[in-house]
Each structure stands twice: as C-alpha cells, then as structure tokens.
Amino acid sequence: MKPTIELLRDVLDHDIVDASGVRCGIVDDIEFDHAPGKAPTIAAVVVGPGAWGPRLPALLAVVARWLFGRSVVRVPWDDVAELGQSLKLKRRAGEIGLGRIERRAARWLQRIPGS
Amino acid sequence: MAKFAEVFLGILTAMGGFVEIGELTFALNAGTTFGYALLWVVLLGTGGIMVYCEMAGRIAAVKRQAVFSLIRERDGFSAGLLTLVCANLVNLLTCAAEVGGVALIWQLLSGWPYRGLLVAALVFLVVVVWSTPFKWIERIFGLGGLLMVVFAVAALRFDPDWGRVAAGFVPSLPQLGERDTLLFAFYGVALMSSIMLPYETYFYASGGIEDHWKPADVALNRIVVVVGFGLGGALAVALVAVGAEFFKAHGLEPALPGTAALAAADVLGNVGLYVALLGMFFAFAGAAIETALSGAYNLAQFAGWPWGLDKRPRDAPRFAISWVAVFVLATIVVMTGIDPVSVVEVSIVFSVVVLPLSFFPVLAVARDKGIMGKHANGPVANALGWFYLVAITAAALAAIPLFVLTHGGKG
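Chains as they are written, first to last, in my numbering: chain A, 1 to 115; chain B, 1001 to 1411.
In case anyone wonders, no lab produced these hints; they're calculated from the structure.
Just some of the chain B residues that point at chain A, by a computed CB distance under 10 angstroms:
{"#": "1", "residue": "F1077"}
{"#": "2", "residue": "A1303"}
{"#": "3", "residue": "R1314"}
{"#": "4", "residue": "I1321"}
Think of the CB as a built atom: it goes at the ideal place given N, C-alpha and C, for glycine as much as any other residue.
Extracted from the complex, chain B is given alone in its bound form:
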C-alpha cells in the first residue's frame, strides 16, 4: 500500500513538474501560429524525455551515480567542462525566466511593483529550499503544478475538432512559403527543446539519489517516467489545443502569463483564472527551484563536492552556496528589466545544443552490461536511445541557424 502511494505521488509530481514557463510559451505559441500541425513534436519530445530520464533514473537507482559524474567520466574532462559551463548557463537563464514569471504572477494578483516582487520571489525561493526537506519540495510544487490541469479542462470545453487533433500527431510539414517553413522548423525545434530541457534529466537523476532509490526501485522509476511524463505530455498537448482553439481563433498573442490565464477564464470564469494563475505560480516556482538545484548538483558532481538537500548546509557548504548563487544571479538577470519570455526563448535554443553532450554519457553507461549488470539497456531502450541521440543532435545543429534566420521566432 505504501508502495502504491509512492508510485501514485511520484506520477503526480512528475506530471505537475513537467510544465514550466518555456513549455507554456512555446506550446501556446505553436498552437496559436500553426494550429495542431506541431502536435507530433510534442509526442516526439515527450518520448525523448521519457527515454533519457528513464535511463538516468535507472543509473541513479542502480549505481547511485548522477548525470554530471557520468559526463565527466565519459565525455572526458575538457568536453565535460564545456558541457558543465553551457548546461549551467542554460540553467541560469531558465531559472531567471521562472523567477521573472513568479514575480509577474504576483504582480497580476497584487499590483505591486515588479522589481520589488522579484526580490520577494528570491527571498521566498531561498527560504523554501533552505528550510524544506527535498521530498516536500518535490511534493508541494509538483502537486501545486497539477492545477495547470485547468488548461486541459479548458481545451476540452473548447470542443476541438478531434480529426484535426489526430492528424496533428502524424509527422508532417505543412505546405507553406519559405519564411513560414523556416518558422515552422524553428517552432518545432524550440517546442521539442522546451519539453526536453536538460535540467529535467539532471534534476530527475539527482532527485532519485536524494530520495535514496535502490536497484529495487528500477520499476518505480519506469512507471513514474512513462505515466507521469506521459500525462505531463498530455498537458502540453492541451496547451497546443488552447493555443489553436482560443488564441488563434481570437487573433490574440499569448504573451505570458496574464493572457495565458485568459483562456481558462474564458470558459471557467474567475475560478478558472485564479486556478490557472496559481497553477502557473507553482509550476514556475517549482521549475526555478529545480533549475537552481540542478545548477548546484551539476557543479558539485563535476567537482567532487558533497551534495544533497538531505545534508545540512554545513555538511555540503559549496553545494548550498551554489544554489543560493544561482537564485541570486537569476534574479539579477531579470532585474535588468529584460522580459522573462525573451530569456526563455534564448535559453531554449541553447539548451538543445547542450543535450547531445549530456545524453551521450547517459546512454553509454546505461547500455554497458559491465557497469549496469542485469539492469543494462535492452534492445528497445538502446534503439530508442540511439534514435533520440541522432534526432537531438540534428535539432541541436539546426537550432542556432534557425534562431538567427527567423529572428528568434518573430518571422
């Protein structure tokens, strides 16, 4: 029974933690701009994050080894260091966007000045992480993020044309002019990247070690990844549908986060509005915490420092200083007045470039029978692992040229 509760909670937290400000932005925008035509990318990206989180979680359960230890061992020191620097830059930018998002939501609710709320958000996040055990952070923000389900309810209320929805799941390139084709490709890469953000894998594996997973938890890991991320992917589908049915139909641009909540308000009234804003708050704050911790995990694992929220800060001092530093730097980034959504756009493009170097060592270790024994990849995990490594490398190569050619998605 206890085991069942653990699986259930794990699924809910995985689902609630799936969406953050980047995914919200790109899923809504993809729907608004191209209707359902990019749904297959959501499917592809959700599959990819499942495959690699499953492997990373399995390694964490079997060998108690986190992703950046693997990166250093398998990519070599120089390539590993490059991955660390890029990954943590992306973490910092993503964290900045989430902190900005939290402050924007508080501003909508209170009307207080944005910069003051940024400082309040910084203090709030540091105090929460400093004083709350890892398990409770996971649960509070994962379960709070579930309120985003209001967007799925809204999507259903809009009564979408199911034939067109189904057609969107078939990989295809619509007939468009040259500029729109480039824009379509950019949105595809950005949407895939926003679903497969690298911190998710780092955080997931480190979280498994924080939660003291054992080899017996390999099955738990698999269920949580497949069902939890599957439901999270369904939420992303719902966001695309909201974009297609509400924003496209009304000719609105879903600038965040106020306008996004309008879709929920449109069908569910005031309750919908507040539930959507509260869900976004938990989703953004949760992602801010995950990116800050992920930055500290990465650094500590690469450098061989003690790490983990189960240790008192004095027992893992450089780890504690690191996550506080990510929060502070992230707040400084948004303090400049830069729009959190444009920070998201940049961070998402660069995050896809980090993915191949992060995923390769995970695959190399997960498939190694000498290391993983009977828990090594079977043929299916291997085939999927290689498929996604190739796909993500192609996306990484295309990301920056597309970003430049489409002027950051502005067409």
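Bound conformation, chain A alone:
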C-alpha cells in the first residue's frame, strides 16, 4: 500500500466492490465535508449519472441529464473497508442502494433458459 492516497488517481474512477465481491459501480465523484475553520474531510463517494454527468463538457452534460437523469447513490466514506485497485465496501451493494438496475435486469433475464 502506498503511504499517501492521491484522491484523483487512487479513488476517483476506480471500481467499487461490495462485501460479497460483486462489482457495483465506479467512483464517479467524491464529496467533502467542510465546516468553517476546520480542515475538509471526505464525506462520501458518489455513484450515478448525477455524479458523472456534470463532469462532461457543458453541452454533453445536458444531453446526459436528459438521457440518464440525475440520480445518485452516496456511499458514506465510513462504509469503505479497503482502498486498493478497487474500493472495497463493508456492506453489500443492496444495503447501500447500489446495483439496483443490475438486479432489475437480472430478474428480467432469469426467465430465459440457461441464464
């Protein structure tokens, strides 16, 4: 493990893996807590179109908002168990609200034989 964490290089845009080892998103944005007179601390990592959309050039951001909406899921920093190549969570995706579309798609696919 490297002695220091570079947020932009080691956290942003890295995979998120839940407690049972399932990939459940990518760190689309990082949120800070800052109170006057105190040093800022990391509050949460944010996942979803509402988090990556604004990172696009202005015109595309509008298109992305129109296509994908602006929903986000906040993963509290306290739920992060381990930082490495990917971010490991202490809990399962479902408990935090991640991977909802994936599960809906899975229910739909289950009707097909061999799935």
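Take the given structure of chain A and dock chain B to it, following the hints.
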C-alpha cells in the same frame, strides 16, 4: 506438461484468432495492388499488436484490470467516454462485417438467400456464446481459424521470388505517381490498422482475466503474444504473397470471400477450396464473437458492471444484454444490404483513430512501478511502447485525410 499444453494451445488460438475479414481483405488487396512493397507494414503492425497486447495482458495478469478500466482511470471521464463511444462503434462495424462474412460463406456453400442466412448467423452466434464456456469458445474458433494456414501452403506452392519477398520487409516508398503514392500510403495505414484492430487488445486482456491469469502467468502471456501473434503475422505475410502471386498475376480483384478461396482452389483443388472456406468461417465467426464480447467488456468495465462469461447471465445481466445487443445491431447493419467489405473499410479507418487513446493508458500503467511493481515495463518495453504510440498517432492523423483523398482506396 499441463503447462506446456496450455502454452501450446494459447499459441495456436492466438494464431488462429489473428486473421479476420478486414485483414484478409487488406492483406490480399495490398499484395494485389503493390506486390510485396507493403510487407514491412505487416511486420510493423504485428510488432505493435505484440507490444500492446503483451502490456495489456501483463496488467490483466498482475492487477486483474482490463483495458477500459485503465482508460477511464487514466484518460479521465470525458476522454474515456469518447474512446468508449468510438471503440464500440468500431466494434459494431467490425462485428457487422464479420457476421456478413459468415453469411456470405454459408451462401456460397448452400445457395440460400443472404438475408435469411444473416438471421441464421445471428442465432448461431448468440446460441454459441450463451451456451459455451469462454475457454471452449477461444479454442474452437482459434483452432478452426488455423485452417487459414491453407493460404500459407498456397503461397509456398506459388513459389514466390524470395529476393523480392525479403526486399519487401525493408521499409521503403516505391517510385509512384502522386495518386499512387497516396493510395500506397492509404493501403499502408489500412493494413497496419487491420492488423492492430483495437478490439484485439481489449479482448486479449479481458480474456486473460476470464482465464484467471495470475502474476505467475506473465511469462505465458509473453510467449503466447510473441509466438502466437508472430505466426499470425506470418499468415498475413502469406496473404500478401497470395495477392501478389495469384491475384496480381491473373489481374483479378480479390472480392471476398469467394474469390479469396479461389487462390487455395487453384493450387490445392476442391480440398483447398473447402478448407479455405471453412477456415474463413471460423476466422470470421471467431472475430464476430470477439468484437461483440469486446463491446460488452468495454461498456461493463467503463461503467463498473459485473462482467465475464464465467458468470451466469443473471449474475452479469447488463453485460449479457450488451453482447446480445451488439450481435443484433451488427446484423441489422448488414441487413440493409451494404457490402460487408465496404463496412470493413470504414471500420478500419476509424479504428486506427481509436488506438492512441486506447494505448496511452495501457502504456501509462504498464510502465508505472508504483502499480506494477517488479512486473513494470523494462527499458525495451518502454522504448517500443513509446515508438508505437508515436507511430500509431501519426497513422491516426493521416487515416481520415487519406481515406477521403483516395476515395476509400479506390484511387
């Protein structure tokens, strides 16, 4: 012993999977139009695909990270998204051409209507990928693609002038008029691009993760890349030779795939014809599968979805839906009646534009000792990596102007 078998199989599948419809088209056409003068481009392109697949495979073995995760981390979100969109457009077009190629071969063998066979090809490909484990897909289509060796046998039977063949490996620009020089440059860029198609790197690295490579497999990766792709490159050389010795000599244009098989039929009779058609079938179907899967890998890796054929579709649902969608869209593209070969020509020109953005993050991570530790690039891999990044960027900048100036290679 088991290890040896694995290396051997890996080499054969890499070799068998090397050639697809674009490479077949451009290698034959390059030989037909310019004889052996473009052989050095085959050498250059084969070197490039080796260098970058080796790096991407090494990253997959050491960090279990696939190319589009790297692209998103290192190119940033916006440039990464641009790469994803372009790469998957190219995947879709390449897949469309391969599906069309499969249907054309079936049509030659059966005489049934083309559009019906396109639907049959779609069903066939989806059922194969849905029901076959990754390892077997790799082996069946890789080993089946080895039948393309019939073109190497044909090339030898044509008894080429070895002095001219050897001279072709020396980088040079023949003395031509202005129009032919542009055409030569276009063929050079297209041939290099067809050998270094971006999906090959994406698929190779994702396949390494599907095959559960570990850091100990770094050596296996290197041998497979160098020997397997080296032999695949030799097959591409043979195709150029077939173009030069058979099609150029007879004044034929190798419109695919029927005419291409004629070269094998000419020296080896009916057996040659059927082996060539069967080899092309496996090569095109294999490439169709690789491009469709590559499209799904790219999307899933960029968006952070679960992916992999080792998971049941219900455990990686969006990944499964994605590769089925690539097959369906690809079939719709060729259903319009557009000639698969012209789809190939467009996709190859645009694929070279995708390469620099895809290769840069691979190089950036492979050379980073903080990430790769003792498996980071040595000076040779670094020098080759930078050399090819510059070369491919130059090719990418030249590709579209050359495509326009030569009217898509028509002169």
